[in-house]
Amino acid sequence: MTALALAGLTLREAMRRRVVWALLVLTVVLLALSGWGFSKLIGLDTELGTMTSGEARLVASLLLNLIMFGFSLIAAIGTAFLAGPTLAGEVESGQALALLARPVRRSSVLLGKWLGLAAFGAGYVVLAGLAQILVVRGVVGYWPPAPATGLALLAAETIVLLTLALLLSSVVSTMASGIVAVGLFGATWVAGVVGGLGAALGNEGVERVGTVSKILLPTDGLWRGAMNAFQDPGALLQMGTGEQGFPFLADAPLTGAYLAWTVVWVAVIWGLTALSFSRRDV
Amino acid sequence: MTAPAITGEQLLASLPPSPAVWCSGLRKRYGRRTAVDDVSFTVGRGEVLGLLGPNGAGKTSVIKMLLGLVRPDAGEVLLLGRRATDPRSRSAVGYLPELFRYQPWLTAAEVLALHVRLARADVPAAEQREVLGLVGLADRAGDRVGGFSKGMQQRLGLGVALVARPELVVLDEPTSALDPIGRVDVRDLVLTLKSRGVAVLLNSHLIGEVERVCDRVVILDQGRVAAQGTLAELLGQREVRLRLAGVDGRAEARLRAAGALSRSGDWFTVQLAADDDGVTVPDLVRDLAGLGVRVHAVEPARISLEERLLAVLRHEEVPA
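If you read the sequences in order, they're chains R and L.
Per the working numbering, the very first residue in the first sequence carries number 922; after that it's consecutive.
Per the working numbering, the very first residue in the second sequence carries number 437; after that it's consecutive.
Simulated from the structure, these hints should not be mistaken for lab results.
By construction, the Cβ of each residue, glycine as well, lies at the ideal position given by its N, Cα and C atoms.
Take these hints with a grain of salt, some might be off.
With the Cβ distance kept under 8 Å, some of the chain L side facing chain R (calculated, not the full set) [as the list claims (entries may be wrong)]:
hint: 1; residue: Leu505
hint: 2; residue: Arg556
hint: 3; residue: Pro560
Start from the sequences and build out the full structure, keeping to the hints where you can.
Structure (structure tokens):
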């Protein structure tokens, strides 16, 4: 009851603060540009002549993944910066006082905020991602092998990052929590790329960097799973084994164990946040 | 025939209601500084209790511990008969924080509706509008809070504290941003609540207001209860001021016999005992006249709460 009221309040805040409209404009611009780019791709001539259908699918896969990365970045930054003000900001401004003096459990308040932010972030990536897939299909006729899985993994990636941002915002200040969350997101992605290069070069030590970072913060692992669902199955073969470390193609789908770990990770971080928030003096 | 057994519920109903607030041994440290040290007091149902003390005395910390916003290091709190660790203890509590901020993207009416929902109270929209009218925001119900002045936000905070039909209202500096008319409005509101049997815990720097509306006062100093009692108990001492001419040694001795004496020009002030039966002053005037003293004026006076507060805080015990 409390959680639902606060989830609604969080969504209403996103609407009223014009976050939704800013995102909508940004997304429409991105969709239009990508549509234009893909339409140019069809008529593209290389020195070797017109691309084969395999090459075209490879390039479409790459570009689709690139744009999806853009969306996941927008959603990640958006939710991280919305999550920050939600706990730290409301405590700092005094807004939390009147709210928490009501007959509510702090964990219900947290759950409500988390649900609202999760609905917002996940809703955004799913809708924007779906629109992008439809644009690509309309322009070049490419349809990814597992679009629903890919979009779900993108949504999960957003939820992972916003859970982390909520934890940070319950212990550090508003601005710091957003910056640290986005910084960690970027660092994990870079570590994933480094790990991929390590695998391509056969260097186990470097490869381990990517593996460890994927476990510490599952955003990059989920992102790679999403890419795998969006890209053409033949794309990797087309690229050749020498290009294994390429950051916008993933070589394997996600394992069930990794997904289970992600669920555990979110639950543990959420529990830590609830503990820290319920003990906090406001 | 056996008498019908008394159910547990009937037994509970026959007991006197638990106090609105009961707290015992509250203690809170922030780092090395002890903000609140062994504070205990009670607010009865329908009673108005004033919390007084200088800045940093721990008044807001005590209020926050009562409402579960700050975790006490030691001590216990019961609100309306329930432990304060149980969120349900706050079901019928309204609170206006010292730092009042409400969601700037909501309208005044939406803020009240949100609080009614969180309090799980069944308050129809018309009654919510009535509350907005009561705090002087009837014509701003549909405006976003972001555009409100400080005073209007504090009025909205009062509305939030009152909207869910509270049995206990906690007001932390409720007039800090209000103009003189607003202050009078708050005083009237507190008196209305009192007449309806709603308990009020009032923290205010405006001693005059506290003196006018409160039944009892708790004075905090450096985190401890420095004094507490009803106004009659705290302000028990009365005095009488007399303007006299022709006072000789015998007349002065007669004045001293009535109580502690102080003199400023031809004005004499005599402190009267708290349990004065009402004949001390007439008898004194009669005797002074008999001694040939010319009595120009006799003015009864009462020690104000402000004087009493200052005496307590400066550790000067006013002689009883």
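- Item | Restraint check, 8 Å cut-off on beta carbons, for Arg556 of chain L near chain R | 7 Å, holds
- Task: Could you check if Leu505 of chain L really has its C-beta closer than 8 Å to a C-beta on chain R?
- Result: This interface hint holds because 5 Å falls under the 8 Å limit.
- Can Pro560 of chain L be said to touch chain R, with a Cβ gap under 8 Å? It is violated, given that the least Cβ distance between Pro560 of chain L and chain R is near 18 Å, above 8 Å.
Violation of the numbered hints given earlier is confined to hint 3; every other hint is satisfied by the structure.
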